[in-house]
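Chemist: Single-letter residue listing:
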Amino acid sequence: MNNKFVRAVVALALSLLLAVPSLAEARYPAQGAALTDDANALSQTVAEDVAAYAQKAEDTADLKIRVALVYFLDGETPQAYADKLFTRWALDENSLLILGAAAEDTFAFSSGESVRAKLSNRALSGLAYTSGFADAFTAQRYDEAFGKFFIALNSQINKQYGTQIKLGGLFEAEQSGESQTAKTTAQTVVDSAYSLWTSTLNAVTGKAHDYEGTHRDSGNASGRFSGGGWIVLAVIALLLLGQRRSARRGRRCGCSPLGWVIGGLGLGALYRRGNCGETCRETRRETRREQRFERDRRGR
Amino acid sequence: MKPKFSVWWSLLICAVLVVFGLVYGNASGYADERARVNALLEGDGGLMTVLNYRASDGLNLCVVADRHLTGDADVETLRYAANAELSQESSVQAARARDEALADAFSRVSNKLAADAGFSASARDVQYRQMIAADFEACGQSDIFAAYNKAAEAFNKQLSVPALGDAARFFGVKPCELYQ
Numbered sequence: 001m002n003n004k005f006v007r008a009v010v011a012l013a014l015s016l017l018l019a020v021p022s023l024a025e026a027r028y029p030a031q032g033a034a035l036t037d038d039a040n041a042l043s044q045t046v047a048e049d050v051a052a053y054a055q056k057a058e059d060t061a062d063l064k065i066r067v068a069l070v071y072f073l074d075g076e077t078p079q080a081y082a083d084k085l086f087t088r089w090a091l092d093e094n095s096l097l098i099l100g101a102a103a104e105d106t107f108a109f110s111s112g113e114s115v116r117a118k119l120s121n122r123a124l125s126g127l128a129y130t131s132g133f134a135d136a137f138t139a140q141r142y143d144e145a146f147g148k149f150f151i152a153l154n155s156q157i158n159k160q161y162g163t164q165i166k167l168g169g170l171f172e173a174e175q176s177g178e179s180q181t182a183k184t185t186a187q188t189v190v191d192s193a194y195s196l197w198t199s200t201l202n203a204v205t206g207k208a209h210d211y212e213g214t215h216r217d218s219g220n221a222s223g224r225f226s227g228g229g230w231i232v233l234a235v236i237a238l239l240l241l242g243q244r245r246s247a248r249r250g251r252r253c254g255c256s257p258l259g260w261v262i263g264g265l266g267l268g269a270l271y272r273r274g275n276c277g278e279t280c281r282e283t284r285r286e287t288r289r290e291q292r293f294e295r296d297r298r299g300r
Numbered sequence: 001m002k003p004k005f006s007v008w009w010s011l012l013i014c015a016v017l018v019v020f021g022l023v024y025g026n027a028s029g030y031a032d033e034r035a036r037v038n039a040l041l042e043g044d045g046g047l048m049t050v051l052n053y054r055a056s057d058g059l060n061l062c063v064v065a066d067r068h069l070t071g072d073a074d075v076e077t078l079r080y081a082a083n084a085e086l087s088q089e090s091s092v093q094a095a096r097a098r099d100e101a102l103a104d105a106f107s108r109v110s111n112k113l114a115a116d117a118g119f120s121a122s123a124r125d126v127q128y129r130q131m132i133a134a135d136f137e138a139c140g141q142s143d144i145f146a147a148y149n150k151a152a153e154a155f156n157k158q159l160s161v162p163a164l165g166d167a168a169r170f171f172g173v174k175p176c177e178l179y180q
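Chains as they are written, first to last, in this note's numbering: chain A, 1 to 300; chain B, 1 to 180.
Honestly, the hints are just simulated from the structure, not real lab data. It cannot be assumed that every hint is accurate.
To be verified - Cut-off 20 Å, straight-line C-alpha distance, at most; resulting in silico cross-link-like pairs (EDC-like, lysine to aspartate or glutamate):
1) 112(B) with 74(B)
2) 207(A) with 42(B)
3) 150(B) with 116(B)
4) 166(A) with 58(A)
5) 150(B) with 44(B)
6) 207(A) with 143(B)
7) 112(B) with 100(B)
8) 207(A) with 32(B)
9) 150(B) with 210(A)
10) 207(A) with 116(B)
11) 150(B) with 32(B)
12) 207(A) with 44(B)
13) 159(A) with 58(A)
14) 64(A) with 113(A)
15) 84(A) with 48(A)
16) 84(A) with 44(B)
17) 157(B) with 113(A)
18) 118(A) with 83(A)
19) 150(B) with 212(A)
As the list claims (entries may be wrong) - Derived Cβ-Cβ restraints for the label pairs, each shown as a range:
20) 235(A) with 19(B): 15 to 25 Å
21) 297(A) with 16(B): 48 to 58 Å
22) 177(B) with 80(A): 28 to 38 Å
To be verified - From the derived model, a few chain A residues whose C-beta atoms are all more than 10 Å from chain B:
23) 91
24) 198
25) 296
We treat Cβ as the ideally placed atom computed from N, Cα and C, and that holds for glycine.
Here chain B stands alone, though its shape is the one from the complex:
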């Protein structure tokens, strides 16, 4: 038994489908844009990658520190903070907090090394420390942080547009978390 609808019912269904298509297309546009912003965060060469480079720098500093500060608690703290940064996936804010802890530990070990006589006597390790610290600093000042925040802010602004943004949120598009 085939269903029969009058012309007006068909037109109504057609209109509903067209409206749904437009709303869904709008939401999908928002989702695509969010994916692009997210690529700046988690994609290859994104913000999280830069944080991982800083963690790698922390581990590299541990290699140098191990030659001079044997069994030092600060070196172990740095190693732990760097491994935590490398091995955990979580929110932007948690990543920021971990990076701050890493920067603290890095700074402590770096200063401790500078004060160590054995370290100062090794021209090679002094140069390695400078090299690692320069990269750690450069990573911390990477343009990716500003680019991500700018993109995330622009996206959140778009998502707050009445009707269109509401529809996108209805379909599950969430605002981006800022790295601040």
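Isolated chain A, as found in the complex:
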């Protein structure tokens, strides 16, 4: 019993140690239309077919299909990356995200609640393998992979959503089986620079330049009074000192602005000058009345 408990504790501690939490965020592509192909994996024809099919699915079954193709996942697992991208793109419960990482030969699906009720992640993964998508994708035959997957997905959508979406001329090569002949040709055109990384780094550079620009404009004035601050201070000083001289002519002390400052700082309650309000005034009136009465009495 004790041994089991110790083993469980050790296993838990080890799993906590090994599960290094990632504090950093991976680089995610900006949301495009139905297809965001940052890896330039798909041909123009297939890219247009994917967009057209996504439109059909949205119009007919209210299912928003989004496809994202990147090169790398920056150390994330495909599922974690897909789920985070789904959230980042603010996709709703009727959305289905198909993610492919071309350089890692991996893919994943992430979907909203309504979609999961009809097309579970497990069902979609099964579809990826049975349709031949997985094999073609890992062999870098991306057009073939997506053609096959969308044909299989269409059947599944029609079955689960009770729709009759017709593919028509979409994914023609796969529908006619033409791709079987060119099966061995891998689409491995790798860009010399990855636009996603370049744009992310440009954003960082922009931030550095923005800071330098802002800092130059503000005249390096932090921690000290700005020009406006000095003007306000001068106005207050003039108000205090200037008022004092003119007020003296009227036989007043000229310290009323000081009273404003004191009042503004909440010290009004402390500033009494022997005045204790209505009660004191009443007491003084009473005293004067008594003195007057006493004088009158003596006079009589």
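Assemble chain B onto chain A, guided by the hints.
Modeler: Positioned in the frame of chain A, the structure of chain B alone reads:
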């Protein structure tokens, strides 16, 4: 029972509060400026973010290396260094030391891949390696490093101004650590 103070006591308290306000306002100005400098370090798209991108590049290189250098110790070292960079929050100097370790491991794996015959035969992976190495290099030469150091130096200079800087330090404003 209400407290009663003479006019002079009130004026003295008022003066103390005004002086405190000025000193505190000065310290708060310094703190705001420090927060702006810190945003260049830890904020979104700051220096630490760039270091994380380099770590991500390290992990991406591991993906390519795993296809050719199975069970290689240098690949594991690179993976460890990259994960350490991504998962730890610490001082600027510690981050710099980790980045140097990452750069060493990256370079070793990259060179090992270049010498591998199987790797050289894969045009795709050769291109991926070039792409990753170019980004790793570009991140290392980002303007953010100079911008942060310049901002941190300027801030530290401001903080060393007698009286004003001393007051700010009294209120807990600390100098910025340089990435050098």
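Chemist: Now, for every hint given, state plainly whether the structure supports it.
Modeler: Status of each hint after checking the structure:
Distance hint between residue 112(B) and residue 74(B) is fulfilled; the C-alpha atoms sit about 9 Å from each other, no more than 20 Å. Distance check on the hinted pair: residue 207(A) and residue 42(B) sit about 12 Å apart at the alpha-carbon level, within 20 Å; holds. Proposed proximity of residue 150(B) and residue 116(B) is contradicted: the alpha carbons are some 42 Å apart, above 20 Å. Between residue 166(A) and residue 58(A), the direct Cα distance comes to roughly 13 Å. Compliance with the 20 Å bound is thereby established for this hinted pair.
Note on residue 150(B) and residue 44(B): the hinted pairing holds, with a Cα-Cα distance of about 19 Å set against a maximum of 20 Å. Using a Cα cut-off of 20 Å, the hinted pair residue 207(A) and residue 143(B) holds, with the two alpha carbons roughly 9 Å apart. Between residue 112(B) and residue 100(B) the CA atoms are separated by roughly 18 Å; this keeps the pair inside 20 Å, and the hint holds. This hinted pair checks out: residue 207(A) and residue 32(B) have alpha carbons roughly 18 Å apart, not beyond 20 Å.
Proximity of residue 150(B) to residue 210(A) is assessed by CA-CA distance (about 14 Å); at most 20 Å being required, the pair is judged to hold. A hinted pair counts as satisfied when its Cα atoms are at most 20 Å apart, and residue 207(A) with residue 116(B) does not qualify at roughly 40 Å. Simply put, residue 150(B) and residue 32(B) have alpha-carbon atoms about 17 Å apart, close enough for the 20 Å limit, and the pair holds. As the CA atoms of residue 207(A) and residue 44(B) are separated by approximately 9 Å, the hinted pair is consistent with the 20 Å bound.
Proposed proximity of residue 159(A) and residue 58(A) is supported: the alpha carbons are some 16 Å apart, at most 20 Å. With a C-alpha separation of about 13 Å, the suggested pairing of residue 64(A) with residue 113(A) holds against the 20 Å cut-off. Taking the CA atoms of residue 84(A) and residue 48(A), the gap is about 26 Å. The hint is violated against a cut of 20 Å. Between residue 84(A) and residue 44(B) the alpha-carbon distance is near 17 Å, which keeps this suggested pair within the 20 Å criterion.
Under the criterion of a C-alpha separation no larger than 20 Å, the hint pairing residue 157(B) with residue 113(A) is inconsistent with the structure, at around 55 Å. Only pairs whose Cα atoms come within 20 Å are accepted, and residue 118(A) paired with residue 83(A) is accepted, the gap being roughly 18 Å. For the hint linking residue 150(B) to residue 212(A), the alpha-carbon distance of about 9 Å falls within 20 Å, and the restraint holds. Our hint of 15 to 25 Å for residue 235(A) and residue 19(B) holds, since their Cβ atoms are close to 19 Å apart.
For the pair residue 297(A) and residue 16(B), the supplied restraint of 48 to 58 Å holds, since their beta-carbon distance comes to about 53 Å. The beta-carbon spacing between residue 177(B) and residue 80(A), approximately 32 Å, falls within the hinted interval of 28 to 38 Å. For residue 91(A), the condition that its CB be more than 10 Å from all CB atoms of chain B holds, with the nearest at approximately 22 Å. Distance check on residue 198(A): its Cβ comes as close as 8 Å (rounded) to a Cβ of chain B, failing to clear the 10 Å threshold; non-interface status is violated.
Here residue 296(A) stays apart from chain B, with its beta-carbon at least about 35 Å from theirs, past the 10 Å limit.
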